[in-house]
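Trainee: Sequence:
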Amino acid sequence: MNDVTITWWIVISALALLAVKMVDDNSKRKKRSQNFRSPPGPKGYPILGIFPSLIRKPAHIVFGEWSKKYGNVYQFTLGAGTSVVLGDTATVRLAMLGKSPDFDSRCQWRYCFNKMFRGLSVLPYSFKWVNTRRRTLTILRNIGMGRSLMEGKIHEETQCLLKCMLDSSQDGKVNFEPRDMLRRAPMNTIWSILFGKRYDYSNPYLLYVMNTVVWLVDFLAKASVFDVLPSSLR
Numbered sequence: 642m643n644d645v646t647i648t649w650w651i652v653i654s655a656l657a658l659l660a661v662k663m664v665d666d667n668s669k670r671k672k673r674s675q676n677f678r679s680p681p682g683p684k685g686y687p688i689l690g691i692f693p694s695l696i697r698k699p700a701h702i703v704f705g706e707w708s709k710k711y712g713n714v715y716q717f718t719l720g721a722g723t724s725v726v727l728g729d730t731a732t733v734r735l736a737m738l739g740k741s742p743d744f745d746s747r748c749q750w751r752y753c754f755n756k757m758f759r760g761l762s763v764l765p766y767s768f769k770w771v772n773t774r775r776r777t778l779t780i781l782r783n784i785g786m787g788r789s790l791m792e793g794k795i796h797e798e799t800q801c802l803l804k805c806m807l808d809s810s811q812d813g814k815v816n817f818e819p820r821d822m823l824r825r826a827p828m829n830t831i832w833s834i835l836f837g838k839r840y841d842y843s844n845p846y847l848l849y850v851m852n853t854v855v856w857l858v859d860f861l862a863k864a865s866v867f868d869v870l871p872s873s874l875r
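First residue of the sequence shown: 642, per the numbering used here; consecutive thereafter.
Hints are computed from structural coordinates only; laboratory data are not their basis.
Every value quoted in this text rests on a predicted model; they were computed, and no experiment measured them.
Each hint should be verified, as a subset may be incorrect.
Result set (DSS-like, lysine-lysine): computed pairs, CA atoms no more than 27 Å apart in a straight line [to be verified]:
# : residue 1 : residue 2
1 : Lys710    : Lys698
2 : Lys804    : Lys684
3 : Lys709    : Lys684
4 : Lys794    : Lys804
5 : Lys769    : Lys794
6 : Lys698    : Lys684
Label-pair ranges, simulated between beta-carbon atoms [stated by the list, open to error]:
#  : residue 1 : residue 2 : range
7  : Thr779    : Thr648    : 54 to 62 Å
8  : Pro819    : Lys740    : 24 to 32 Å
9  : Val652    : Gly739    : 19 to 27 Å
10 : Pro742    : Gln716    : 15 to 23 Å
11 : Arg776    : Pro699    : 36 to 44 Å
12 : Phe836    : Trp650    : 57 to 65 Å
13 : Asn713    : Lys769    : 31 to 39 Å
14 : Gln716    : Thr779    : 37 to 45 Å
15 : Leu790    : Gly739    : 30 to 38 Å
16 : Leu835    : Met806    : 21 to 29 Å
Even for Gly, the Cβ is constructed at its ideal location relative to N, Cα and C.
All chains should be modelled from the sequences, with the hints used to inform the complete structure.
Mentor: The following block contains the structure:
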C-alpha cells in the first residue's frame with residue numbers, strides 16, 4: 642500500500658467520522674425538540690439545512706415566502722444550528738414586550754467574534770453582563786455623558802459633516818461618496834465624548850481606524866460560516 646492510498650484512506654475515514662458525528666448531533670437535536678412544541682418550517686437538507694434555498698433566491702424573498710406558507714412564526718435549520726423567525730412587527734412586539742424575560746439573553750453566536758474579543762463585546766444575559774453594563778454606565782456618567790452633552794456633540798459633528806459635504810459638491814452636484822463620510826461622523830462623535838477631540842475627515846489616523854473597522858466587519862461577515870458548523874469542526 643503506497644503513500645497515496647494511505648492518504649486517501651485517512652481522508653475517507655475522517656469524512657466518515659465527521660458524517661457520523663453530524664448525524665448524531667442532528668438526531669440529538671431532534672430528540673430535544675420533541676420535549677416541547679416546535680413551530681413549523683421547511684425541512685431542509687441533511688447537514689446543509691436550508692442553505693441551498695438561500696443560494697437560489699435572496700434571503701429576504703425566501704423568508705417572505707416561508708412566512709406566507711408557515712405563518713408568522715417558523716423555524717429552520719442551517720448547518721448545526723436551529724433558528725426561529727418572527728415574520729411581522731406584531732409578533733416581534735409581542736415577543737420583545739409581552740415575553741421580554743424569555744428574550745433578554747442572546748444565543749451563542751459569532752464564534753470568531755467572541756474568540757477575537759474574548760466575550761467582551763457580545764455577552765449572554767448573566768451576572769457578568771449586568772455588572773459590565775452597570776460599570777460602563779457609571780464610567781460614562783463620570784466623564785459627563787448625558788442628554789445635553791450628547792446633543793451638543795452630535796449637533797457639532799452634524800455641522801462639520803454638512804460643511805464637508807457642501808465643500809465636496811460642485812455646482813450643486815454630488816461628487817463624493819456619502820457612505821464614507823457617514824461612517825466618520827459617529828466615530829468622531831465618540832472620540833469627542835471620550836477624548837475631548839475630533840479629527841478632520843481627511844486625517845490619516847481617522848481613515849486608518851475607519852478602514853480597519855470596515856475590514857473587521859467584512860471579515861466577520863465572511864467568518865460567520867463558523868457559526869453554523871458543528872462544534873467538532875471549530
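Trainee: All hints, please: hold or fail.
Mentor: Taking the hints in turn, this is what the structure says about them:
no.	hint	in the structure
1	Lys710 <-> Lys698	16 Å, holds
2	Lys804 <-> Lys684	54 Å, violated
3	Lys709 <-> Lys684	16 Å, holds
4	Lys794 <-> Lys804	16 Å, holds
5	Lys769 <-> Lys794	31 Å, violated
6	Lys698 <-> Lys684	17 Å, holds
7	Thr779 <-> Thr648: 54 to 62 Å	59 Å, holds
8	Pro819 <-> Lys740: 24 to 32 Å	39 Å, violated
9	Val652 <-> Gly739: 19 to 27 Å	52 Å, violated
10	Pro742 <-> Gln716: 15 to 23 Å	21 Å, holds
11	Arg776 <-> Pro699: 36 to 44 Å	41 Å, holds
12	Phe836 <-> Trp650: 57 to 65 Å	60 Å, holds
13	Asn713 <-> Lys769: 31 to 39 Å	34 Å, holds
14	Gln716 <-> Thr779: 37 to 45 Å	40 Å, holds
15	Leu790 <-> Gly739: 30 to 38 Å	35 Å, holds
16	Leu835 <-> Met806: 21 to 29 Å	25 Å, holds
Of the hints listed earlier, those the structure fails to meet are numbers 2, 5, 8, 9, in rising order.
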